[in-house]
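Residues per chain, in single letters:
Protein chains: 4
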Amino acid sequence: MSHNSFGHLFRFTTWGESHGPAIGCVVDGTPPGIAITPADIQHWLDRRKPGQSRFVTQRREPDTVEILSGMFEGRSTGTPISLMIRNEDQRSKDYGKIASQFRPGHADYTYWAKYQGIRDYRGGGRSSARETASRVAAGAIARKVLDHILPQAVEIRGALVQIGPHKIDRRAWDWGEVEKNPFWSPDAVTAAVWEEYLDSVRKSGSSIGAVVEVVAKNVPVGLGAPLYGKLDADLAAAMMSINAVKGVEIGAGFDAATLSGEENADEMRMQDGKVAFLSNKAGGILGGISTGQDVVVRFAVKPTSSINTPRKGVTTEGGEVDVVTTGRHDPCVGIRAVPVGEAMMAIVLADHLLRHRGQIGL
Amino acid sequence: MSHNSFGHLFRFTTWGESHGPAIGCVVDGTPPGIAITPADIQHWLDRRKPGQSRFVTQRREPDTVEILSGMFEGRSTGTPISLMIRNEDQRSKDYGKIASQFRPGHADYTYWAKYQGIRDYRGGGRSSARETASRVAAGAIARKVLDHILPQAVEIRGALVQIGPHKIDRRAWDWGEVEKNPFWSPDAVTAAVWEEYLDSVRKSGSSIGAVVEVVAKNVPVGLGAPLYGKLDADLAAAMMSINAVKGVEIGAGFDAATLSGEENADEMRMQDGKVAFLSNKAGGILGGISTGQDVVVRFAVKPTSSINTPRKGVTTEGGEVDVVTTGRHDPCVGIRAVPVGEAMMAIVLADHLLRHRGQIGL
Amino acid sequence: MSHNSFGHLFRFTTWGESHGPAIGCVVDGTPPGIAITPADIQHWLDRRKPGQSRFVTQRREPDTVEILSGMFEGRSTGTPISLMIRNEDQRSKDYGKIASQFRPGHADYTYWAKYQGIRDYRGGGRSSARETASRVAAGAIARKVLDHILPQAVEIRGALVQIGPHKIDRRAWDWGEVEKNPFWSPDAVTAAVWEEYLDSVRKSGSSIGAVVEVVAKNVPVGLGAPLYGKLDADLAAAMMSINAVKGVEIGAGFDAATLSGEENADEMRMQDGKVAFLSNKAGGILGGISTGQDVVVRFAVKPTSSINTPRKGVTTEGGEVDVVTTGRHDPCVGIRAVPVGEAMMAIVLADHLLRHRGQIGL
Amino acid sequence: MSHNSFGHLFRFTTWGESHGPAIGCVVDGTPPGIAITPADIQHWLDRRKPGQSRFVTQRREPDTVEILSGMFEGRSTGTPISLMIRNEDQRSKDYGKIASQFRPGHADYTYWAKYQGIRDYRGGGRSSARETASRVAAGAIARKVLDHILPQAVEIRGALVQIGPHKIDRRAWDWGEVEKNPFWSPDAVTAAVWEEYLDSVRKSGSSIGAVVEVVAKNVPVGLGAPLYGKLDADLAAAMMSINAVKGVEIGAGFDAATLSGEENADEMRMQDGKVAFLSNKAGGILGGISTGQDVVVRFAVKPTSSINTPRKGVTTEGGEVDVVTTGRHDPCVGIRAVPVGEAMMAIVLADHLLRHRGQIGL
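Heads up: the protein sequence lines correspond to chains F, H, Z and R, in order.
Residue 0 is where the first sequence starts when you use numbering that gives the first Met the number 0, and the numbers rise one by one after that.
Residue 0 is where the second sequence starts when you use numbering that gives the first Met the number 0, and the numbers rise one by one after that.
Residue 0 is where the third sequence starts when you use numbering that gives the first Met the number 0, and the numbers rise one by one after that.
Residue 0 is where the fourth sequence starts when you use numbering that gives the first Met the number 0, and the numbers rise one by one after that.
Take these hints with a grain of salt, some might be off.
Said to hold, decoys possible - In the DSSO-like style, the derived pairs of lysine-lysine whose C-alpha atoms are separated by at most 30 Å in a straight line are:
hint	chain 1	residue 1	chain 2	residue 2
1	H	K216	F	K311
2	R	K166	Z	K166
3	R	K216	R	K143
4	H	K96	F	K273
5	H	K311	F	K273
6	Z	K143	Z	K48
7	R	K166	R	K179
8	H	K96	H	K48
9	Z	K166	Z	K202
10	H	K273	F	K96
11	R	K96	Z	K273
12	H	K273	H	K202
13	F	K216	F	K166
14	Z	K273	Z	K48
15	Z	K143	Z	K273
16	Z	K216	R	K311
17	R	K273	Z	K96
18	F	K143	F	K96
19	Z	K311	R	K96
20	H	K273	F	K311
21	H	K48	H	K202
22	R	K216	Z	K311
23	H	K311	F	K216
24	R	K311	R	K96
25	R	K96	R	K202
26	F	K48	F	K143
27	F	K166	H	K166
28	R	K179	Z	K273
29	Z	K96	Z	K311
30	F	K202	F	K311
31	F	K216	F	K48
32	F	K273	F	K143
Hints listed in this document are in silico derivations from the structure and should not be mistaken for laboratory results.
Start from the sequences and build out the full structure, keeping to the hints where you can.
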């Protein structure tokens, strides 16, 4: 048990605060012999990096990852891989107010109450979204593990499917579109709607929530285990552990509440000697075990709590204040959650692939 | 790590199949000195028990729990509590077809594929909702643990808030109503709507999904831990591990995607020297740590996959069949999930209470 | 984490007290498709069973194991296997004195102090050696797992190598002898010495310690993992967790303190294209990883604390008493520890085999 | 589960190789509000540091620890503490031979076989004793945790009690002596004997084994939990996980095999209203739970395998070679194991203190 670790056979432990000297993680359980370069990890970190469009925070971090252990002559040795990312953009500013205020929507009050008044308030400390860089770095290794065991098979991709009231048009879904707009939208038309909408949100100093969808293709049938090692239970924990996430669903998700048994049960036929499903309401998971269909997860990200409008908060001394956040913030923190969701999917699948191989073999 | 265990300091391990000799669980980590009788556990099991109305399966199980260890002279000793429930309603019927068929919507195919063709197909085997009796039994002990450490404080209650397209009217919410109708509805008017609706579903041999809400009152501030021991991450795993659950949300949940930062951030004032929140979009959890407000979780339950309409399935031999389920089944399995959700909430809170006391003290 | 569980991928959880209704365990992580009968488990339980000679306790327990889950048509399904052994020899006697006394050498005082005065004092409760039946039952399944993955390879055997001052003559070691005497001695001459010696110990109402050695042959090279999942670290925990064990050593063990580097380093040559070691001071483990040589573990078992000579003890009320144990007890509890040590070896190896397969493959 | 982590509520994860850029660890579960400075940790690291006498390796490492997270304004925040120690003495030498040789007594062959031929052979890589610096650093924090919860209570000290055939005279035991000689000997006379003896071992290019004893005073009664969370089982795993350790014993240890029940059972009397034991054969642990007496652990350390005498080894290509180690090495690696054993004791006690507080309270 560890509060700051995730996974079992493939397991990572993260550490670090927003404004400390560095953040990082230790990835344990990687099979030996996998070629991994810092550039392989950097590729995914760069996707997550702030400051790439006007819709994400302008904090500029090079986010350069260093590999401190577990690699030899370019290949994994099977021992723990320690990754570190220096915090370089630590502006020396006056934190006086934040130190004594509990901002609504933030974890200020809960950290303060839990940890007996001790709290690294600078930039949110441990509760900062900056920690997600460690997840993305670990996720890069998880992808390598999947590729190592199942060469050129599993594909994991994420997209933003909703910002505020604006959902994408699923009939227009085009994975090729996702990399072409600053929102990871699979639908170009909706991307344009979002652009205009987010500009107005940003200008008004407000923020808005979003929904992310992550899809894993070519996941072999059989990953996951009843009943507390279910693939969907681990995915739910993985996604809910991401900052600002308030809901997780698999396949039809909450819509399953409105479906009849006839509509919900994915029918099966044989195709080329294999089981083929005629629909995927299950999101690729039945009884906690992958079906071989696409594994489909969605999660809801709440709006950034740092906004320019004054909100009622309290102080550590028991006073009442109006809290206003000035300076850089994301109008829609959900955008940056897309690569994080992909990383968590990769981590869960890599762990379950090793667990399945351990118990049953491949 | 264990596929069939849940929790850390308060931890339970379940075992058993629908049509084996018994099901049960081992509950570890209970503090010593807690008075627990079989009747205390039976009380909660009886709430979950099938056969209580025409809206749940007519399988009749006395579901009598036996305490095999961990108790002495009526009090917990601090050692593992082993609970067993005999399976008594094992009708000797012909399982021939089920043995060779993969029913759509069920875990038949995934278990078969994962476990190399070995599968206890009788009544769903390990994937049967019958396993949830073990959760409810463990949950009864978790409630005792909460009461032992925080006397007469934490209250955990569940309700059904949606069946198919019919949601309850939240303004009419009355906890007193929940025990008065066979659906755990907190809204009498909607209960009547559901009754009529479910009768039609049942008569047509179909089934329908539902949404369950579980609320924990008087949870102390400070439970949960960043970042992979977050209270909401553990609740998400707990609820998603329940049979047929396809989505979990905390507080505003998926609606948070449509909220602005102003709407979402629960403002704070001081009241009687304590922090008081003016709303609860967060569902009682910020940064993974309880705020002291009500902890609010909802989960979506898919419709029963066993229906009377033929659905396309395949056979273990690679043939194609039309599957029809005859005999007893729940038209809305979500109803029986209410006491299960309550139990999982109790288990997560008891575990986190012990973990918090371990690291920090109370 | 669980106080009453052991192992990771192959993991068992035990429960039960000496004089409760039953004891048992839940074995999780067994691969599917392994043929296991109750008789397979019973075979090993019978070896451990008390009452087989005048040198072990005369408590007569049939120790009949029931399999409650995880098996279907004679083969493991991959889901948890629940095993239960009823306690049948619960003599209704007056426990009044034991209830209020802390016996020296027993866990009476520590259980009482830890668990706030709550203690099942009947027959030692949870601290009774009776719990080791669960280990032997789980060990029987572990052996099946080893055989399933490595057919007819790994052989695990235990022997008693010392009782009091009398050590076996290692030059006379004969595994065939082990089953022929009531001490599991591999040396017939020493067995005769022990017989006479133990008769005198028994008649004097005293007891004596012993050393057990367990050897696993044909363990593949590569099991174990640096640094906290070392094979020897897990073996040390496994053996030290057995009742009354006070020391564990691997290979040369404590004698390694007196060896020079030249003597200690097992030299290597090539033989038939494979690495062959010229000695086995390492006990088959280097750097926490198996070498392919015999894995050799020894553990010291303290003398039974229940003796007929009065010893100074105290009462729960703070009084001073002289404690005398009357009735059945083992003059040398180490004898019965042999099958238990074998079982723990099998469990550790099965877990590490699955873990190795998970991370690296076979 | 993690191969490179140890502990449950107080848990640390280590990473790093001897000749990589750095080694380090992540310590999770530290209570908040504890004042810890880098100097506090450095103090213990300096004790372990090589190069301090002619009896330990002359590798000179400043071993300067950096705290990268989990601290704020000099106090622990309750979030993970990341510690890093740069490897500065990475002499650029030709590793050609070591790369292709399996040295007897080392983990070269087992790592190579396990990890499919991938191996960081420089300085032993992950199997280097250098990793123990991470244990000592984590142990420094564990000591702070013990002091925080039990102010000025628990004292942990280690000593060397045997080198080769030369044991200390226990009647001469003087803790004050331990810091005065380069061997951590509690007996000045024996220290002088060792000095002469080790000089001869060193000059002959050989090495020798040793026994370390670690004692924890003022451990409260009640730490540890039956049956797989026993304090002694965790101590056994902790000590056996240290490089080169081949045996662990508690209290009388292996001598318990020669004791009668009368000799072994520590008698009890009342003293000042408290239970007082008249001896400590149990080493402070009964039934896996601390008795309140000194917790006494000993472990055997094998001789350094790197010696100047040629020994038979093999090559990665299947050839046979004579291996000679030239250059720096410890004649008795057991000396440096003393601070490491102390650290592991502190870690186990801190973990169990938190676990006990979690389940039962203090």
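Hint check:
Distance check on the hinted pair: K216 (chain H) and K311 (chain F) sit about 24 Å apart at the alpha-carbon level, within 30 Å; holds. Between the alpha carbons of K166 (chain R) and K166 (chain Z) the distance comes to roughly 22 Å, so the proposed pair stays at or under 30 Å and holds. For the suggested pair K216 (chain R) and K143 (chain R), the alpha carbons sit about 15 Å apart, so the restraint of at most 30 Å is met. A threshold of 30 Å between alpha carbons decides the hint, and for K96 (chain H) with K273 (chain F) the separation of about 20 Å falls inside it, so the pair holds.
A distance of roughly 15 Å separates the Cα atoms of K311 (chain H) and K273 (chain F); the hinted pair therefore holds under the 30 Å criterion. Restraint check for K143 (chain Z) and K48 (chain Z): satisfied, since their Cα atoms lie roughly 21 Å apart, inside the 30 Å limit. Between the alpha carbons of K166 (chain R) and K179 (chain R) the distance comes to roughly 18 Å, so the proposed pair stays at or under 30 Å and holds. The hinted pair formed by K96 (chain H) and K48 (chain H) meets the criterion: a straight-line CA distance of about 28 Å does not exceed 30 Å.
Distance hint between K166 (chain Z) and K202 (chain Z) is fulfilled; the C-alpha atoms sit about 21 Å from each other, no more than 30 Å. For the given pair, K273 (chain H) sits about 20 Å from K96 (chain F) by alpha-carbon distance, which is consistent with the 30 Å threshold. Of the supplied pair hints, the one linking K96 (chain R) and K273 (chain Z) holds, its CA atoms being roughly 20 Å apart against a limit of 30 Å. Distance restraint check for K273 (chain H) and K202 (chain H): the Cα-Cα separation of roughly 54 Å exceeds the 30 Å cut-off, and the hinted pair is therefore not satisfied.
Note on K216 (chain F) and K166 (chain F): the hinted pairing holds, with a Cα-Cα distance of about 23 Å set against a maximum of 30 Å. For the hint linking K273 (chain Z) to K48 (chain Z), the alpha-carbon distance of about 41 Å lies beyond 30 Å, and the restraint is violated. Straight-line distance between C-alpha atoms of K143 (chain Z) and K273 (chain Z) comes to about 27 Å, which keeps the hinted pair within the 30 Å bound. For the hint linking K216 (chain Z) to K311 (chain R), the alpha-carbon distance of about 24 Å falls within 30 Å, and the restraint holds.
With a C-alpha separation of about 20 Å, the suggested pair K273 (chain R) and K96 (chain Z) falls inside the 30 Å cut-off, and the hint holds. Taking the CA atoms of K143 (chain F) and K96 (chain F), the gap is near 44 Å; set against the 30 Å cutoff, the hint is violated. Restraint check: the Cα-Cα separation between K311 (chain Z) and K96 (chain R) comes to about 64 Å, which exceeds 30 Å; the hinted pair is violated. With a C-alpha separation of about 15 Å, the suggested pairing of K273 (chain H) with K311 (chain F) holds against the 30 Å cut-off.
Restraint check for K48 (chain H) and K202 (chain H): the C-alpha separation of about 22 Å stays at or below 30 Å, so the hint holds. At roughly 24 Å between alpha-carbon atoms, K216 (chain R) and K311 (chain Z) fall within 30 Å of each other, so this suggested pair holds. With a C-alpha separation of about 24 Å, the suggested pairing of K311 (chain H) with K216 (chain F) holds against the 30 Å cut-off. At roughly 14 Å between alpha-carbon atoms, K311 (chain R) and K96 (chain R) fall within 30 Å of each other, so this suggested pair holds.
The straight-line distance between the Cα atoms of K96 (chain R) and K202 (chain R) is roughly 24 Å, inside the 30 Å bound, and the hint therefore holds. Of the pairs offered as hints, the one joining K48 (chain F) and K143 (chain F) holds, with about 20 Å between alpha carbons and a cut-off of 30 Å not exceeded. Of the supplied pair hints, the one linking K166 (chain F) and K166 (chain H) holds, its CA atoms being roughly 22 Å apart against a limit of 30 Å. With a C-alpha separation of about 49 Å, the suggested pairing of K179 (chain R) with K273 (chain Z) is violated against the 30 Å cut-off.
At roughly 14 Å between alpha-carbon atoms, K96 (chain Z) and K311 (chain Z) fall within 30 Å of each other, so this suggested pair holds. Simply put, K202 (chain F) and K311 (chain F) have alpha-carbon atoms about 21 Å apart, close enough for the 30 Å limit, and the pair holds. For the given pair, K216 (chain F) sits about 25 Å from K48 (chain F) by alpha-carbon distance, which is consistent with the 30 Å threshold. The hinted pair formed by K273 (chain F) and K143 (chain F) meets the criterion: a straight-line CA distance of about 27 Å does not exceed 30 Å.
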